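This is what each chain is made of:
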Amino acid sequence: MFGIKADWSLEVFERYFTLDDYGAGGDVRWCSGCGDFAILNTVHRILRDAQVAPELSVAVSGIGCSSRMPHYMGTYGLHGLHGRALPLANGIKSRRPELDVWVATGDGDCFSIGAGPWLHSMHLNMDMVILVFDNGIYGLTKKQTSPTTKQGTKTNTHPQGAILPPLNPLTITLGITNISFVAQVVDWNPPLLYETIKAAHQHRGTSFVRVLQRCPVFSEEFTKPLQDNPDQFTLLEHEDGITIDDNVKRLFHNVVEHDPKDWLGAMKYARDQENIPLGILFKDPDAIVYEDHSSVGVGMTNEEKVAGLNAAFDKFSI
Amino acid sequence: MNDQVTTAKQLPIQEPQKIDEHIVEIVSDSGEGAQKCGQTFGAIGGKMGNGIWTVEIIPAEIQPPARTPAGGSGNRIRVGSKIMTNMGNEADLVVGFNEQVLYARIANGAYKDGTIVLLENKWASDPQEKIRDEYAFAVDEFKKNGLIVHELPMEEECLKIVKNARKGKNMFVLGMLCRIYNRDPKLGLNEIHNTFKHKGDKVVKPNQDLFNSGYEFAKNNLEYFYDIPPYEGSDKDLDRIIVTNGNTAVGLGVMASGMEMISMYPITPATSATHYVAEVYHNVGGFIHQAEDEIAAVGFAIGASYAGKTACTITSGPGMALKTELIGLAVMGEIPLVIVDVQRGGPSTGLPTKVEQSDLLAALYGEPGDAPKIIIAAATIPECFEFVIMARKLAEEFRTPVILLTDANLATGVQPWLRPDIKEEWFSAPIDQSPWDKKVPAYDWDENTGLSQRPIPGQPDGMYVLTGLSHTERSKVSYNSETNQLTSQHRSRKIAALQSTLKAPVIHGVDSQEDEGDLLVVAWGSTIGAIEEAVNILKADGHKIASLHLRFLSPLEPGLRDIFSRYKKVMTIEINYSDDPDGPMITEENRRYAQLANVLRAQFVVDIDCWSVVYGHPLQPGLLVDELTKRLDAMNA
Ligand SMILES: Cc1ncc(C[n+]2csc(CCOP(=O)(O)OP(=O)(O)O)c2C)c(N)n1
Ligand code: SF4
Ligand SMILES: [Mg+2]
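These protein sequences, in sequence, are chains G and Z. Reading the first sequence from the start, the letters are residues 93 to 410 in our numbering. Reading the second sequence from the start, the letters are residues 579 to 1215 in our numbering.
The following block holds chain Z by itself, in its conformation from the complex (with noise of 0.2 Å):
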């Protein structure tokens, strides 16, 4: 058998060769624990101060057949010298347990020539000619199409330590990776005691010794050795480091700010967010209320918000849709609310578990009537965290619903942050339940800013029907224009008496006034990472570009007619549907644009453009330096 090791040589012992980073694939059918050993993988890298960046290959069904191209699980791993913003292009190396879960990556364009796979090969002498067939005519064509493939007898190994190589052969892959990536074996085997000790000794021990088969497999028959240093400053940050995904960071967020109640129903991508928080609400005292559909989950959030506990649904596009007429209701009553969006893949029901960033015009003007409120988007996964604090916060202070959305990159990317020191202010105040003075109506609102008080159920002498009818300052329904026009004006004006308190957005890529003039790269949400690394590729070699990533949709963050007026050109980058302006058909009186490039163009009236797509995967920054050095040469042309 030993044969099929392909390129393997006995291998002297030499120096790890130094690398920047490499992005890790591991790709295995569902339940054969590729995810666990890239999740290892990447704790690893942390603990040995590289920066990470995780992205979860998830199968697009719930049990797929074994060996087919749909069922691939697995994980991403980006690994490097830097703290890593997004998940990067191609991949360097890939592990997989079978050739045809190979498929689904490439078709995503996840490989590159001269990518390594490293391919388990029991499949080549499998009794079934139809699966040495399949297997045969796979490697010839990863081959072909320029991946170096090396067959490994990973199975073969397993099996002189354990009787079933499915259970366990994730570790052995960990301990080639630990061996190729120069890992500390120490960190490795520290893991798996930790991942199994609750079976036991005799748990623990078969992992181990498999990691150590596979750690001396590499070691003596792979030729890749690699080392990736940490990065600068990564010392005095380990201890302090953790390492979630983006909704687990959402669910830690709505714990800290001291919000009580998630009200929600089950929708992919956002639930697992409630599933993480539903594990350890109570250790803060909170509750997870699961609703019979969207509309009641967000009616009891708005519930609990009206009688004084500030409330938050968690959902994805489609239940947003479900939301809206309530979501009116909230902007009328003015109720504090906080409501996630997960964003994935529209219209209808779309792309389920992948990524888009479609729902903010619909977050923006979802609902019939005039709905004026808050919105403000993460862009990275500590962000998830501190948004859902802020969004509670600015949900009572200017008596409004708050929009946060997320997507589905930042839902399952899987990254190290610092961990935050917890501060009490996080935390709601206690409901106030001293008496209301009579004298001041329900909608005391200020003339200039909007801005009013509550009164909560409980507080002698404030009681008041909230309706969504057209009400008076003492919440009484009326019909009279003026009232209607003037309250209209009302909850439109806390917007703009936000806006006013916000700074204008800092600027990326540029260092001095003479790095500005060219192009200009508006975004939001989680491209940032892709996107400034885009920048800087470009701005090395000499280009005059910058990029500006905003956090407040509604209101917009202040300055920007300024700013825009200093490029020549501005653009957005989005994860939405447009239309190419090539396009058949297409002309400047129809073409359809990014949504954020809907919303700058009508309100700066300046001719802003945009490129977008919606492959459903995150944006590689290596596609954007394409796009972007077309857009550079064509103005400088």
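Isolated chain G (complex conformation) (with noise of 0.2 Å):
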């Protein structure tokens, strides 16, 4: 690949990654017809874009369906346990804050089992994409009621129907202090999606982004009826937040200017039930990023360290 440099000689990269070394064209275990693929597919051409070195960047997971995506990404990946992929994915962080990190995890591993790593991580605010994939089901366990399940659906474990109403990601979100990036965003609209991720990758700290997600095998009415129906969604746009193409413009009806900055219209927009927001709610480039605290004294040479030490063990010297 080449680049034209500012004296517009050419430049020859040394590396140039495609598709494949983000691991596209790999062997991926989910059902035809899930929205997972439309994220991961959009994840690679995102790194790939981006041109981030494989080896730099860390996929991270909790467990389901949606947990299965490091192990389709080039990367390197950490498939962690049930609710824990964003203690994970901070560690990962907290000393090696140049590794680029993704957490992919879903609407039970992030908002049941994972509800306390949710609210905290996105408080710590470390420098990272979380992209939730929400069914509004359990997929792996098979049809499992979760917390974005709608009420009255019938699951294998309310088959009478869920009892209660939904709590919404959002308005949950954008109530935790020191938030900087909060979006929704739906896989079945490919430029939607590959814009809303890449402002949230381009972000410096904790970008959330809930991914509405497909799954026709055990929660087809949670998405059917807004794939049947784009208008009851609204499309936020800002210059500040994602710009949106006259072809996606023209699929949804509701356009509206929302400054990110501006968290009241974004808790406005989220508690919205009629008009689903998508695009960014939210965006706060001034919150404190954790990674900046944690990773002080990175790099400190033995000497500096055995001098540390002898001051230490001074102070116990009787």
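Keep in mind the hints are simulated off the structure, nothing from the lab. You may find that some hints are simply not true.
[Said to hold, decoys possible] Taking beta-carbon pairs under 10 Å as the criterion, some of the chain Z residues facing chain G (in silico):
| id | residue |
| --- | --- |
| 1 | Gln595 |
| 2 | Ala621 |
| 3 | Met833 |
| 4 | His860 |
| 5 | Gly877 |
| 6 | Lys887 |
| 7 | Leu904 |
| 8 | Ile1009 |
| 9 | Trp1014 |
| 10 | Pro1038 |
No experiment lies behind these values; they were computed from the predicted model shown. Don't be surprised by glycine CBs; every beta carbon is placed ideally from N, CA and C.
The task is to assemble the complex, starting from two chains supplied on their own in separate frames and drawing on the hints.
Below, the structure written as structure tokens:
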């Protein structure tokens, strides 16, 4: 691959990474028609377009259909435990801030068993992208109610229908202090998916992206009505958020300007059940990024460490 | 008032009486400074070449009401002419700031017939009748129980120097103790100077005056005057001596090991280790992460370790329980990790501030599935330091979590030890970022040892996905039955491989083959000092008894089968629960054994007996001598 340098001379990059380097074309074991494919392909493309060296990127996940994603990546990966992707990802970032970290999680993995880590990881605001594959159901374990399952949906744990109205992950996330990026998107609109996740990747801090995801096997009713009627969506557009191609806009009738700095506005859109927001709800470039603190001292020399340790021992001399 | 000093006489200057050791307690309401007094008294002993073992007396509540048994705060200092390894038996001399705080100590069996009690007497003339009565009642009761009580006007003496005796009585007491134990008063004055110098002369001066006044008071009013000579060879140790508790030693160990991350959630009695490190970690480039709970704490540590920076998590029993699932991931994914478990009383919230050795089986078998890992236990405070360094090395070399067991006794026990010479080789090497050889899989298991090298993110061509699912050598998910059998075997082999590098343990109390034969006591952890002291006493009485202290619990140290076979009887002594074999309902078929006994019985199919208790306090050598004498007598009958 070639690049034009500022002095118009031609630069030959030593390494150019193709989609295959990020894992494209591998053997993927999701059901046909599963929305997870679209998310995976989008991540491959974003990494390819950003030319992140595969060895410097780490995909982390919990347990669930969605959490299989690291296995389909050509990068490093850590397929962790149910609900525990985020502490693992934060730990990776803590002393290796140069690594590019992605987290794949599900609505059960993140909003149920991982609810504690979800809240506290948003608070830490370490630089990574969290992709919540939200299919409104437990997929891997075969159709149990999840925190985002619609009220009345018949599942294997609630065959008479889910009892409670679902949690709203957007308002919950927006309510956490020191958050810096909250977005929502659907898996079935590739340009919108690409733009949203790309913005998340470019943002420095924890970028929370809830992806409404198709699971034709267990929760068709979760996304089908939305696919059929895009009027139920409100597209959020802004020069500081994402700008949307006219072709995409034509599909969605409701497009509004929303400045992602406007938290109150974000909360208003997040709460709206009739007009589901898509795009970037909130963005704060000034939030504290935890690894700026946790990585202090990385690379300290042995001489400095010996001096520090000797000073520590001096305190205990009698 | 002076007639209250019951046995005080105007004493002629006498020669101090030479003694080998004494156990001294200073107990007050919290906030009255008994702890500071005790620490300083211990430090002075250290400087004079004595062996010291200090135990903090910690109130059970944060702000207990004044004058209550639960509020006792202070220090117990065992000071003697040998290196001290444990807290000893009952106290010889106690200073009480009020009578109520002594009740909890009495209930703990801390005092004996003949223990000298120097008691503040101001309560005798307290305006409240209730207090006067309580005081009179207690003094009477103490005396009836054999304590030698001296009611002293400490408050009154302090008020001659300061307006508020609550601040400063502890230094008066320090002065008294320095006279009673013939300590060089200059050392005391120096300690006071160093403690208060940042507050200026207006604080240093009155405290030193109080010290002098206490010194003179004891000289003129008390008959006790002792000399505890230094232990042999102490002079050459003196400038290398440092004084810390075991938790601080763990903290220093983390820093010396090169681990740059402690990820933790507060829990007694582990937290003070992180409190200490938090103050100085940045000086060695480290960072403490306080997570939202113990699960996230260990997850965070595993993340850092996976990325090449082996990390540490420090906790206690309840935290260990929460960490098990992720420890299992570290075993399965072969991630180096150091877990320090400062054991406390359990189960559940149990006895948070008290000692127990009840986490051994949980450490060994806590994870569902087969999760072999390395488990070591520190027996002494210096080992709390050294074993963290060893743990980090073992974790990386064997690509596995290492659990280091310490306990509340080590955590809060204070002891002088020799400052180590810092070696750069203790620190972890910088992480390898050179290209990985693509031909080498992420788990290139050696068939015999199960060992393999691991790729670190950032290494080109090393990309792999670590997973907790059963996986092949290239870390591909595999539900193949052969793969699962083989990889389980590899993870287990590592433990055997480590054992092949260990030496057989040293047996204590055996000078020649003839000493062997009757009873062997096997133990682990902080009980070493008390057990070895008891064995020495019994040996001196002509018994054939020896002891063996294990530092490695997974794998066990080699050679045990052979050692056990040389004794008529083998038993463990532990601080965890076991059934009394003579108890109601208890039979050979249902008796529950102490934890190490369980492990050894299962491994060696030898009828290993045990004696264990969960009183919450460290074992006393005297109690062990009694128990072991019973066993020895029964054997010889
Ligand atoms: C500690 C623990 N509890 C339960 C499970 C079983 N489990 C695996 S995945 C899952 C739910 C996954 O649902 P979700 O996170 O929505 O992911 P999806 O499969 O829908 O992508 C559950 C309950 C587990 N693996 N570990
Ligand atoms: S069960 Fe649903 S979420 Fe899981 S792979 Fe199949 S379609 Fe996708
Ligand atoms: Mg789901």
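Here is what the structure says about each hint:
1. A hinted interface residue such as Gln595 (chain Z) counts as satisfied when its beta carbon comes closer than 10 Å to some beta carbon of chain G; here the least separation is about 26 Å, so the hint is violated.
2. For Ala621 (chain Z), the interface hint holds, the least distance from its beta-carbon to any beta-carbon of chain G being 5 Å, beneath 10 Å.
3. Checking Met833 (chain Z) against chain G: minimum C-beta separation of about 6 Å stays under 10 Å; hint holds.
4. Using the Cβ-Cβ criterion of 10 Å, the hint placing His860 (chain Z) at the interface with chain G is satisfied: the shortest such distance is roughly 6 Å.
5. Using the Cβ-Cβ criterion of 10 Å, the hint placing Gly877 (chain Z) at the interface with chain G is satisfied: the shortest such distance is roughly 3 Å.
6. Evaluation of the Lys887 (chain Z) hint against chain G yields a held restraint, the C-beta minimum of about 4 Å falling below 10 Å.
7. Hint status for Leu904 (chain Z): holds, given a least beta-carbon distance of 6 Å to chain G, under 10 Å.
8. At its closest, the beta carbon of Ile1009 (chain Z) sits 8 Å from a beta carbon of chain G; the interface hint therefore holds under the 10 Å criterion.
9. Checking Trp1014 (chain Z) against chain G by beta carbon gives a least distance of about 9 Å; that is within 10 Å, so the hint holds.
10. Here the hint on Pro1038 (chain Z) is kept, as its CB sits about 5 Å from the closest CB of chain G, short of 10 Å.
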